[in-house]
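Hey, can you piece these two chains together into the complex? The hints should help.
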Amino acid sequence: MESVMAWLTHLNSNHSLGYAILTVTTMSGLGLVVGGLIEFIFWALGIRYGKIDIEP
Amino acid sequence: MDWMIVHLPIAGVEIMAWKLVLIGLTVGVIGGFFGVGGAFMVTPALNVFGFPMAYAIGTDMAHMAGKSVVATIKHRKLGNVDMKLGLMMVIFTAAGIELGARLIVWLEAIGRCGPVVRIVYMALLFGLGSYMIYEYVKLRRRIRNGETVDDAATSRLAKRLQSICLPPMADLRVSGVRISIWIVGAVAFATGFIAGFLGVGGGFIRMPSLIYIIGCPTTVAVGTDLFEVMVSGAYGAFTYALKGKVEIVAAILMLAGAAVGAQFGTLATKYVKGIVIRLYFAITMLLAGVSVVFKHVASVFRYQYEDAARPFIEAQMGKGTLSLPQLRDWMLLHKTEFSEWLAGQSAAIQHALRMETVWNNLAGWLMLGSACALSLVIVLKMVRGILYERRLRARTVAADRV
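Protein sequence lines, in the order shown, are assigned to chains C and F.
Using the working numbering, the letters of the first sequence correspond one by one to residues 1168 to 1223.
Using the working numbering, the letters of the second sequence correspond one by one to residues 865 to 1266.
Isolated chain F (complex conformation) (with noise of 0.2 Å):
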């Protein structure tokens, strides 16, 4: 099985090609099936297998650059991209991303980036699973009482908002929405600066808003999400190779698995209601907020040893005060002398680091473990699905003959 390790200069890693295939596939099937990127089940399953998290961060957007294309185009060829609401969008969607990453900037300043950001993140994924959860809940009871229940613009918030008469108006003939400009401006501004303050492409709290604030139908929302990730993994990517953080010989491994996913999770669409769509999307996000809880349990041991650490690496710098992320650069960078440092520690400062390790593992696993799951469950009602339309045409070929 030698053949089949990669050793990658840039990311300074060794890895088996499939497991770069098997995350893109998995992620592919997912962001297809939802309109995310999928960033934040890819970045912490590169990082388990050993990349340091810029590189992560950017392999993962230069293959998010050449999977969005995909599956856009599949999408739009299912009519699912409203390309004059993916357009609106993109400029807003921009402001908000720069305006919420100079907050970042400002929050790692005064050193309270890390918490802020990983308790923002959990609220918004354990908020927004639970809301969907509830309104899934609601709707089946609706079906079950024999209600006719359309999947565009059922929420009530979406339906005023339409109402509201501020020019110019936008007719989203693909959505079936006439809707404020502004009030698309609004929500792309606020969706970008939460995704910039997040670090992330912003997918998973996109699609939802354009389901609950704008009113699109969930195919629509998930296509037309998929049309800005496409923008924003392309910038994003270039950004990151710029600064030398992207692996582009595991971005090309996992865009080959990502490129057969992302058809999959696609076409997994058109036989899926678009209820069970935002089921499966809210089980997504509910898994991923606990692994999020389990990168802040993790956070916690790290800080015990970074404070024990940093005299020693302010000694080897010959500088004053180092910031948290200057301190977490020279540990990346000089990995040997750290474990020299660290050899002579107390048991406690080396338990921290053991226990850091595992929670991160953890969370890793949950995210790529919850990614497999996931997509074998969407590529198996994909199949039915074919299946299911196959039996239906051969019956009406059948009934025609007779």
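This is chain C alone, in the form it adopts within the complex (with noise of 0.2 Å):
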């Protein structure tokens, strides 16, 4: 873990384009992998998405 904070520390205090599109890079797919990942979950519990007009 230490190295990876000294990479990262080292690759944004000297390669900023890099440490940028790396940071979108990180976070857009982080997002789409936990998203799927809980998206799973949520069909596995039988959570349906079809329109309901409540309000409990």
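Treat the hints as calculated values from the structure; they're not laboratory data.
Among the hints, erroneous ones may be present.
[As the list claims (entries may be wrong)] Computed footprint of chain C on chain F; a stretch qualifies when at least three of its residues, placed anywhere within it, have a C-beta under 8 Å from a C-beta of chain C:
hint : stretch
1    : 923-931
2    : 1105-1115
[Unchecked claim] Below are the SDA-like pairs computed for lysine to any residue, each with C-alpha atoms no more than 25 Å apart in a straight line:
hint : chain 1 : residue 1 : chain 2 : residue 2
3    : F       : K883      : C       : E1169
4    : F       : K1023     : F       : K1137
5    : F       : K1199     : C       : H1177
6    : F       : K883      : C       : S1195
7    : F       : K1107     : C       : S1195
8    : F       : K941      : C       : L1199
9    : F       : K941      : F       : F1128
10   : F       : K883      : C       : S1170
11   : F       : K948      : C       : S1195
12   : F       : K883      : C       : V1171
13   : F       : K941      : C       : W1210
[Said to hold, decoys possible] Footprint (simulated), chain C over chain F, 3 or more residues, beta carbon under 8 Å:
hint : stretch
14   : 868-878
15   : 1123-1136
Idealized CB from N, CA, C, for every residue including glycine.
Below, the structure is given as structure tokens:
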């Protein structure tokens, strides 16, 4: 973990464009992966997307 | 509990990991439910936990880029994203942001940036929040009198604008609206301008504009706004990272919470009526307005010690008159020297610094507390909705058998 932190700090200080690309791709990619995973869990739990007009 | 502490070398902060996950979770719920990025809540919360302001904004932008992807995909499945409207708006919004940002640069140059931005921010939050509550009360009264209230195009302004036939016209099927592209462009440009001027994503102004000016149904306004937040979040994350102001590890931890929260918030829109979403949104805006008032009080104390520190800092840097951002940068980067200088100052100066911290913390805790409470209410609504739907389904199955 420490070596990853050191690499990130180095990238941030010395290769700002690389750091910017890494930030955007990591965040969007993680968003897709985590979103997909939770989507699967919701599907497994039987929570559907059909709209119902209620206010419980 | 030491293992939970993460050291973030880029921002120079040490923090318990659960705090970042909690911020992400609560703002994810709120963002998914209201279709906003939630910068007005995250930035002060991160600031309270020790992040310097620039890193707080940059890290927030980065987590927003990921969170809005999750929420937009889910809203699209629910049929809440008007892609045509969203794509049209992106172009005009970008132009508006650019102009707003240029105005900020000019205000900064003449030293009037801080107070002007805060006053406009307060006026917008209190004005829009109060109007939405007024609208909610009016609609509730009509519902109680037995009238059928359509969630879409309830505002007279939206209906009037839709009747203007100024080609080219856009047929927005998802929103159920036919409107001139010029009107869409003007709304997007104006909201982008305000966003650029205030230095925020602008979801809090875009979402009500989509409802009250364009005439979108509330859930479509939420989904389409999130689509825009996704684009602006990615752009913001890129530019802030380019300047080295993103703490990526903190953003990842926040995203872990936000990705889950955004699912909950989005799903909750399925079970809550549009006008109730508007009511919650209005309450959030009013609370954010109070937090900006606290920030404004804090800035009054800040000016007191900044004025006193100016000759010392200018002497240390060996330069002539420094601008306010230069002065603040020095204080941020030379905390030890500044503390030493402060120790030799009068009680009034030390008191000003203490009071600034107190008011800033109050603003941050107010936003964090409201975010936690609000997301809890939204999650409870979602759980009740799921249970209600299950009961309905079970009843239908039982009736079919009979």
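Hint check:
{"no.": "1", "hint": "923-931", "verdict": "holds (count 5)"}
{"no.": "2", "hint": "1105-1115", "verdict": "holds (count 8)"}
{"no.": "3", "hint": "F:K883 with C:E1169", "verdict": "holds (21 Å)"}
{"no.": "4", "hint": "F:K1023 with F:K1137", "verdict": "holds (21 Å)"}
{"no.": "5", "hint": "F:K1199 with C:H1177", "verdict": "holds (23 Å)"}
{"no.": "6", "hint": "F:K883 with C:S1195", "verdict": "holds (22 Å)"}
{"no.": "7", "hint": "F:K1107 with C:S1195", "verdict": "holds (19 Å)"}
{"no.": "8", "hint": "F:K941 with C:L1199", "verdict": "holds (14 Å)"}
{"no.": "9", "hint": "F:K941 with F:F1128", "verdict": "holds (14 Å)"}
{"no.": "10", "hint": "F:K883 with C:S1170", "verdict": "holds (24 Å)"}
{"no.": "11", "hint": "F:K948 with C:S1195", "verdict": "holds (22 Å)"}
{"no.": "12", "hint": "F:K883 with C:V1171", "verdict": "holds (22 Å)"}
{"no.": "13", "hint": "F:K941 with C:W1210", "verdict": "holds (13 Å)"}
{"no.": "14", "hint": "868-878", "verdict": "holds (count 3)"}
{"no.": "15", "hint": "1123-1136", "verdict": "holds (count 8)"}
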